[in-house]
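Chains as they are written, first to last, in the working numbering: chain A, 1 to 394; chain B, 395 to 766.
These are computed hints drawn from the structure, not numbers from a lab. Think of the CB as a built atom: it goes at the ideal place given N, C-alpha and C, for glycine as much as any other residue. Take these hints with a grain of salt, some might be off.
If you anchor each label on the Cβ, the simulated ranges turn out as follows [unchecked claim]:
1. A/Gln312 - B/Lys496: 49 to 57 Å
2. A/Leu168 - B/Val682: 57 to 65 Å
3. B/Glu473 - A/Gly382: 45 to 53 Å
Counterexamples of contact, computed for chain A against chain B with all Cβ distances above 12 Å [to be verified]:
4. Tyr89
5. Ala235
6. Gln266
7. Leu267
8. Ser268
9. Gly271
10. Gly286
11. Ser292
12. Gly296
13. Asn307
14. Glu351
15. Gln388
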Amino acid sequence: MQIVFPWQAGNELLQRLAPATPFHSDSTALLEMLGRSCLHSQSAPLAALGFWLRPAHLKQMQLHAVQNIRPRGRVVQIAPGNVDTLFIYVALLALWLGNVVVVRLSSRRGEDEGELLMLLEGLRQQPQYADVLSRLVLLRCEYEDPEWLKCLTAADMRIFWGSDQTLLKLASLPKAPHCQDLAFGHKHSLCLLNAAAILADRDGDWAGRFVRDTLEFEQQGCTSPRTLIWLGTPAAVSEAKQCFWKGVNTFIRSQPKESAAARRYQLSEAGAMERLIGLQQLALDGALMVASQQQGRFVTVPVDGLNLSQEQGHPAQGVLFEWQIDSLSMLLPELRPHHQTLGFYGFQRDELVAWAVSHAAAGLDRIEPLGQALVFDPIWDGSNLIQQLVRQLR
Amino acid sequence: MSMELELDLPVYEWAATEKQLWLMRQLNALTRLHHEHCLPYQRLLDSQRVALEVQAREDLYPLAVRLFKHNRLQSIADEDVFRVLTSSGTTSQQLSRIYLDKLTASLQSRALVRIMQSWLGRERLPMLIIDHPGVITDRQQFSARGAGIQGMLIFGRQPVYALHEDLSPNWDVLDAFFDKWRGKPVLCFGFTFMVWQLIQALQLQQKTLPFNEGVLIHSGGWKKLQDLAVDNPTFKNAVAQTLGVHRVHNFYGMVEQVGSVFVECEQGHLHTPVFADVVIRDIVNGHVLGVGQTGVIEVLSALPRSYPGHALLTEDRGTLLGEDDCPCGRKGRYFSVNGRIPRAELRGCSDTVEPKMAGHIPSVLPIPQRNG
C-alpha cells in the first residue's frame with residue numbers, strides 16, 4: 001500500500017485521523033480555494049471541478065443538508081478508472097461533511113489526477129488548509145493488500161465504483177455492522193432529442209453540447225450518452241439526423257488544430273480498433289443485425305429499443321445507438337434501473353421530470369440538458385450524497 | 395470449393411495479375427465456406443451486408459484477430475477438430491484459440507515447407523536452436539515457443555540447443571557444434587529475443603562463432619528489442635559480427651494464420667508468398683492505404699479451411715513498401731512491420747482487475763504432423 005497523498009506519509013498515518021464538524025468554515029474555505037486553483041487549469045475536467053466548487057454552488061448544495069448531522073466517521077472509497085477525477089467530487093463532499101476520507105486510486109494514473117494531486121499538495125503546505133486536508137488520504141494498492149483490507153474492514157462507510165462483478169466481490173468483504181455501502185455500478189446513459197427542435201434550430205448550440213457530453217472522456221463516463229433516442233415522425237427524424245451529424249462533425253472540425261479540445265475529440269488508432277472489435281463482437285453474438293454507419297467521428301447503429309446485451313457490449317469510442325420513437329410512451333417500458341442519465345434537447349426539464357415521476361419510470365437517475373451530462377451532482381445514482389455521507393441525530 | 399488446395403505453386407514468382415486471379419478465387423471461396431459453416435461469422439457478414447464475392451483484396455471484410463480470444467470460431471464439426479492452437483497476446487491473459495482440422499493443419503505444414511524451402515533449399519542443414527531444450531518438453535511453455543521450434547525442426551537435422559534453462563549460453567554445445575560444422579552451411583533458428591540474448595553473451599565474452607555459411611531464421615516480434623532500442627540493422631550487424639551469419643531472415647506470422655508466413659528478404663522487406671497477401675488500412679477513417687503508407691496490417695491467407703481466418707485485421711502497424719518490384723526479384727507485395735497499436739485503456743466500469751503481462755511468444759509455425 002502506497003500513500004500518494006499526503007506525499008511521503010507512512011501507513012501509520014491512517015491510525016491517527018479523527019473526524020470534524022460538518023460544513024466547518026475551514027472545510028468550506030478549502031473547497032473554495034481548491035476551486036479557484038482549478039478554474040485556471042488547462043484541463044477541462046479540472047476547470048469543471050473549479051466551476052463546481054464556486055461559493056454560490058457550495059451554498060446551493062448545502063441546502064440539501066438535513067439538521068443535526070454528524071459525520072459518518074471514516075469513509076473509504078474505491079475510485080473508478082474511467083473518469084479519473086470523479087472520485088474527488090465524492091471525496092470533497094465527504095471531507096466537507098467532516099469525515100475522514102480514504103480513497104484507493106485507480107492504478108491508471110490519468111494526467112488530470114496528477115495535476116489534482118499537485119494542487120492538493122500545494123494547499124496542504126498552507127497552514128489554514130493543512131488541518132482539513134489531514135483528513136484526506138489517497139493511496140494505491142493491490143486489491144489483496146492486507147493493510148488495505150484492514151482499512152476497508154474498519155470503514156464506517158464504503159463507496160465503490162466498478163463493474164457489477166467487482167461490486168459483488170467488494171460487497172462480500174467483511175465490514176462493521178454499522179458500516180453502510182454505496183455502490184455505483186454499470187450504467188448506460190441516454191440522450192433524448194426532439195427532431196423538430198433540431199430542425200427548427202439548425203445552427204443551435206446542440207453540436208458542441210453533444211460533443212462535450214460524448215467525447216470529453218472518450219464516451220467512457222457512465223453519464224455519457226450511448227443511445228440517442230429521437231422523438232418525431234420517421235421522416236422528421238431522418239432529416240434531423242442528417243442535420244445533426246453534419247453539425248456535430250462540423251463542430252469537431254472547427255476546433256483549432258493542436259488545441260486540447262481537438263486532441264480530446266480525435267479518435268485514436270487504438271480507439272478505432274476497440275470500436276471495430278466491439279461492433280464485430282456484437283454482430284458475432286447476434287446482438288446487432290444491421291450495418292453500422294460511419295458519421296464522421298461517430299459510428300451510428302439503428303436499434304429498435306433498449307437492449308441489455310447491446311448496451312453491455314457497447315464499445316464507446318463514439319458509437320451511438322439510434323432509436324426513433326413516436327412518443328415518450330414507447331420509451332417508458334424500456335427503461336431499466338441501469339439507465340442512468342437522460343440528456344435532452346428540445347424539451348423542458350420540468351416536463352420530463354414530471355413525466356418520469358408520474359409514470360414511476362423504472363430507470364433514470366438524472367435528467368439533464370444536453371451538455372450537462374458530465375456535471376457531478378450530490379444527487380447521484382438515486383442517492384442524495386449530502387444526506388448519505390452523514391448520520392442524522394433525532 | 396474443392397477441399398484440397400494446390401500448393402505446388404511458385405512461391406514468389408507470380409506478379410499481381412496472375413496471383414490475384416488465383417488468390418481471390420481462393421479467398422472468395424473461403425468467405426463462402428465460412429459464411430456457410432460458422433454461424434457467428436455468418437451473423438457478422440450478414441449484419442454488415444458484406445458481399446460474399448468481391449473483385450479485389452481491399453474489398454474483403456476482415457475479422458478483427460482479437461475476436462479469436464473471446465469466441466469459439468470454427469467452420470467444422472467438433473469431432474473434426476484435430477488440433478487447437480493457442481497463443482496469448484502480450485497484453486492479455488486471454489488465449490486465442492484456433493481450431494484446426496486435419497486438412498488445415500496439413501495445408502499449413504505444406505505451405506510452410508514451400509516457403510522455407512525457397513529460402514533454405516531442399517537440403518536439411520545441421521541445426522542450431524537458439525533456445526533451451528526444456529522449451530519443447532515443458533508442457534507449460536509448449537504452446538508458445540516450443541510449438542514454433544517443433545515446426546522448424548523439419549528444416550534441419552541433428553538439432554542442438556544453444557542455451558541453458560536460465561537462457562545463458564551452453565558453451566559446450568556451442569563449441570562442439572562449431573567444431574563439427576565449421577565452414578559448412580548450418581541453420582540457426584530462434585526467437586528474436588533469444589537470439590539477442592546469445593548475441594549479447596557473445597559480445598560480453600568477446601567471443602565469435604563464425605558460421606560464415608550459416609543462415610539465421612528468427613521470429614517472435616521486435617517489441618522487447620525495441621524497448622532496448624535495437625532495430626533490424628543493429629540486430630543484423632551484431633549477428634554478422636558474432637555468429638558470422640550474413641543471411642538473416644526475420645519472419646512475421648501469427649498463430650491465427652499459421653503456415654503462410656512473411657519472410658524477410660535480403661533487402662529487409664517482408665514478402666507475401668503466393669498463398670497470402672496483405673492490405674494496409676487506416677482504421678480511423680476506413681481508407682485503404684497505398685505504397686509508402688503506414689497503417690494497420692490486414693493479413694490474407696488461402697490456408698484456413700476450418701476457421702474463418704482467411705482475412706484478419708491484426709493489431710500490428712505496417713508499411714506497404716511495394717508490389718512485384720522488390721530489388722530482390724521476388725514478386726508479390728512486400729512490407730515492413732512497425733510495431734503494435736498501443737492498446738486502448740480498458741476504461742469504463744470494468745476498471746479494476748488489470749491484466750498481467752503474459753510473457754508467451756505465440757507459436758506461428760505449424761506443428762509437424764506425426765503419422766498415425
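Glycine 286 of chain A: least C-beta distance to chain B exceeds 12 Å?
5 Å, violated
Verify that the Cβ of glutamine 388 of chain A lies farther than 12 Å from every Cβ atom of chain B, and report whether the claim holds or is violated.
Non-interface label stands for glutamine 388 of chain A: nearest chain B Cβ at 20 Å, farther than 12 Å.
Outside-interface status for glycine 271 of chain A - nearest CB in chain B farther than 12 Å:
5 Å, violated
Taking the shortest Cβ-to-Cβ distance between serine 268 of chain A and chain B, state whether it exceeds 12 Å.
7 Å, violated
Distal placement of alanine 235 of chain A relative to chain B, Cβ over 12 Å:
24 Å, holds
Does tyrosine 89 of chain A really sit off the interface, with its C-beta more than 12 Å from all C-beta atoms of chain B?
Correct as stated: the minimum Cβ-Cβ distance to chain B is 17 Å, above 12 Å.
Per the stated criterion, does the least C-beta distance between glutamate 351 of chain A and chain B lie above 12 Å, as a non-interface residue requires?
31 Å, holds
Just double-check glycine 296 of chain A for me: nearest Cβ-Cβ distance to chain B has to come out over 12 Å.
With a cut-off of 12 Å, glycine 296 of chain A comes too close to chain B, as the shortest Cβ separation is near 9 Å.
Holds or violated: is the Cβ of leucine 267 of chain A farther than 12 Å from all Cβ atoms of chain B?
5 Å, violated
Serine 292 of chain A and chain B, when compared Cβ to Cβ, separated by more than 12 Å
It is violated; serine 292 of chain A is separated from chain B by about 8 Å at its closest Cβ, not greater than 12 Å.
How does the Cβ-Cβ distance of leucine 168 of chain A and valine 682 of chain B compare with 57 to 65 Å: does it lie in that range?
45 Å, violated
Is the distance from the Cβ of glutamate 473 of chain B to the Cβ of glycine 382 of chain A consistent with 45 to 53 Å?
52 Å, holds
Figure legend: structure checked against the earlier numbered hints; hints not met, in rising order: 1, 2, 6, 7, 8, 9, 10, 11, 12.
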